Amino acid sequence: MTTTTYDGHAEEKNYLNAKPGIWSWLTTLDHKRIGVMYLISILFAFFLGGMLALLVRTELLTPGKTIVDADTYNQLFTLHGAIMIFLFIIPGIPAAIGNFVLPLMLGAKDVAFPRLNLLSWYLWITGAVFAIVSMVVGAVDTGWTFYTPYSTQTSTQVINMTMGVFILGFSSIFTGLNFVVTIHKLRPAGMTWWRMPLMLWGLYATAIIQVLATPVLGITLLLLVAERALGVGIFDPSLGGDPLLYQHFFWFYSHPAVYIMILPAMGVISELISVHSRKTIFGYHAIALSSVAIAAFSFIVWGHHMFTAMSPMGNMIFSALTFSVSIPSAVKTFNWLATLYRGHIRLNAPMLYALAFIFLFGIGGLTGLFLGALATDIHLHDTYFIVAHFHYVMFGGTVIAFLGGIHHWWPKMFGRMYNENLARIACLLIFLGFNFTFFTQFILGTMGMPRRYYDYIDTFATLHQFSTMGSYIMAVGFFLTAGYLIHSLVAGERAVENPWGAATLEWRTASPPIEHNFHETPDANYPYDYSVNRYNPETGNYDYIGPSRVDDHGHAVGFHGAESTT
Amino acid sequence: MSDHSDHPSYLGHHYDTVEQQFDSGKLGMWLFLATEILLFAGLFCAYAIYRKNHPEVFIYAHQFLDKNLGGINTLVLITSSFTMAMAVRMAQLGKKQATAGLLALTLLGGVGFLGIKAVEYEHKWKHGLLWGTKYRDQDAEHGTPGEHGGEHGTEGETAPGEHSLRLSLPGVEIAHAAEDAGHGAAGNEATSGEAAANGTEHAADGTEHSASGDATMSEGAAAEGAQMDASADESGEPAPIVGGEAMPHSGLAKGASQPQGMAAPAEAGEGHGTGHKPSNVHIFFGIYFLMTGLHGLHVIAGMGAISWVLIRTLRGDFSAEYSTPVDLVGLYWHLVDLVWIYLFPLLYLIH
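For the protein sequence lines, the chains are P and V, in the order given.
Using numbering that gives the first Met the number 0, read the first sequence as starting at 0 and increasing by one per residue.
Using numbering that gives the first Met the number 0, read the second sequence as starting at 0 and increasing by one per residue.
With the rest of the complex left out, here is chain P (with noise of 0.2 Å):
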């Protein structure tokens, strides 16, 4: 470990202690600062969207009212719908632990623009103010698509939660902006298009969805307060206006949006596989092209959320063009699953969130095509079986990646080590609870049980009450998770350099990293070469050796694929 003895010390100051106090943390432009800072905020509301989430399930136990009533209901899973998209899912990634690893794998010293980025971690408290607030004052309850007419019917605070959304949006918009921007301008010599890891093609595709669709979102939330406010009347039927146009704004950004949430997922589960199997990704170009496939099919599709409302032809061109986004999504499964083959595969926590990914991403993304073919739509849509099916992708895929890579990156972010037999427990409690959950409302779904209803009839209920068990399944696991994870900040035993063997940059400086990431701007080489590392016994680190092909101790190490080298 050359790194901690760099400039004689002992022990170098790293970005977490580099400057001390409070103050230091909010006014840092360190981007590594501002994804811990991130971190913190989206995780606090993850646990807000959780509890609303239980207290959903809750009142589902029993047919009729179970612990709330029908408005406090309704406003209960507009809440957990606003705050988990809006608040959790689309800025969890990208900027949590994107802005962490994304200039340390391209070894770069920072992000293009670090005040813009510490910017939009204010515009996201601000936006997350506003929707608490709304929440105090008179929570929503139009849905988190905030549909009209009814939006701007309701005297719940509309206006409040779509500026805060609308301010969420440009804290968006200039997450991904910066990223553009570096990933193009900020590469050092050697870090070729083709030496990107998987993650940032990941971030990279993201973050152009996330710079050209937002806007529109942004308008569409102008006009439906100016609606409310000042009785614009454009999407008033009463005045003239179009309801229907509402929806197409507001899902030609969402539906996007959706690949704003499982884009970067797709790059996580890119770096877990490969590097928890040891073996060099399968079909590098493949995955790279096909995360800017989905970005670019992202902005065609977004009709089949009104096949109910459309012309006949209008809805057989977007269940086409929805179908082809199946095309790069199954691409990048199938390079998985053949990365994974004859690999040397470890089972510890990220890896089996790798896995669970590939298997509940799976399952979401078929049932999406139930959902895009026309005939089957007309049956399924407003039911359980749409809920389902986007948890399956949303959760199943979103969030169980986003676990996945803060165990992955954990070490790197906080130098500590957290407990692996925990961990994997955890990971079951929640895979489990997840498909008790969720699975069953694709049963209830298929049995006609709509969505957002605050009532059923009484054969819905044994398949509710199994649904809303699997939810506490998760929350105990949840619970798990959160208590190793800060056990292991205190005692949490300290990381190496590389403790996974990974061969991406960000390993290739000390654990935490000091305060400007690099000593020196390491050399890029092939992200899956993993030749470059060789394991020591003594220390437990990767350490690194080099792009040398020699493996002259036998490790089962350096395992190369045709196209290992650009």
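Treat the hints as calculated values from the structure; they're not laboratory data.
In this text, all values refer to a predicted model and were calculated from it rather than measured experimentally.
Errors might be hidden in some of the hints.
Label-pair distances were calculated between CB atoms; the ranges are [stated by the list, open to error]:
id: 1; chain 1: V; residue 1: Asn52; chain 2: P; residue 2: His284; range: 43 to 51 Å
id: 2; chain 1: V; residue 1: Ala84; chain 2: P; residue 2: Thr153; range: 47 to 55 Å
id: 3; chain 1: V; residue 1: Leu348; chain 2: P; residue 2: Val128; range: 57 to 65 Å
Computed footprint of chain V on chain P; a stretch qualifies when at least three of its residues, placed anywhere within it, have a C-beta under 8 Å from a C-beta of chain V [claimed, not checked]:
id: 4; stretch: 103–111
id: 5; stretch: 217–226
No residue lacks a Cβ here, since even glycine has one placed at the ideal position from N, Cα and C.
Please arrange chain V on chain P, whose structure you already have, making use of the hints.
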């Protein structure tokens, strides 16, 4: 930030070279401009959809906009874009005084634009030419124009130019009154003249319909002319029309060929049943105020940015080696200009 002695103070610690920093800033600003265009794109979409669905509303309502003021504002903004471009050049050459002067001129252009815009807004505000629920129906406001449509039904074939003079008694009087008042008013001639022209043509069109007993027409232009006259009468101002000076106009064919109004029967104050202006005119004004309002906010933001680089210029932050912020603010100002160049014809110059 940086300990490196070869790092100039204006170079961020995470950049290797000034060029890299400049390129990053440029790319970032272009991306930001792309997001701004997409922000406006929603409104342009709304504009396109409503204009496609309800062309008669746009043709009718745009007459209330002042082409002269809009045109002057276009010139003001283009000029300010020019001074901005010059300021960028001067900044690149390191000429501090020239840069500051040109930036100040640009700022002045922004002030002028907003001033003229304020005059236009104020005028519309006074006449209730507003959006959605705030729109004051011109009929309901100003007397009872409803009957005019039927009164001169036999004049349907008259040439539009003569038409307004041959309107039944109230109309003629009003037209003349308006003419008198109109000449004293601030720069409204062109708009008003044209408005009147359209009005009278529509009147001719409408009377034709009523002559043939078509009581359900939705185009309803007869009352339009009349009601505009009436409005002039009541307020004693030219409002958007100045009678009498009407000239033959291609708008006739268009107006006549697109009789499908939104025809919401429930519109309060419009249920005269005698054919009049299209319903839901406020949709146009809603879009007008949203688009120009959002653009106005961007003008203000741009002026803020210009003031900031002006201060920095005067403070001596820039040199021939480093003037990136001036460059970037210049790009932003050109976008503000560009958006207006689309807004002006789309809103003011409708045929």
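Results of checking the hints against the structure:
1. V:Asn52 x P:His284: 43 to 51 Å: Check passed, 46 Å falls within 43 to 51 Å.
2. V:Ala84 x P:Thr153: 47 to 55 Å: holds (49 Å)
3. V:Leu348 x P:Val128: 57 to 65 Å: Given range 57 to 65 Å: violated, Cβ gap about 44 Å.
4. 103–111: holds (count 5)
5. 217–226: Result for this restraint: holds, n = 7.
Hint 3 alone, counting from the list given before, is not met by this structure.
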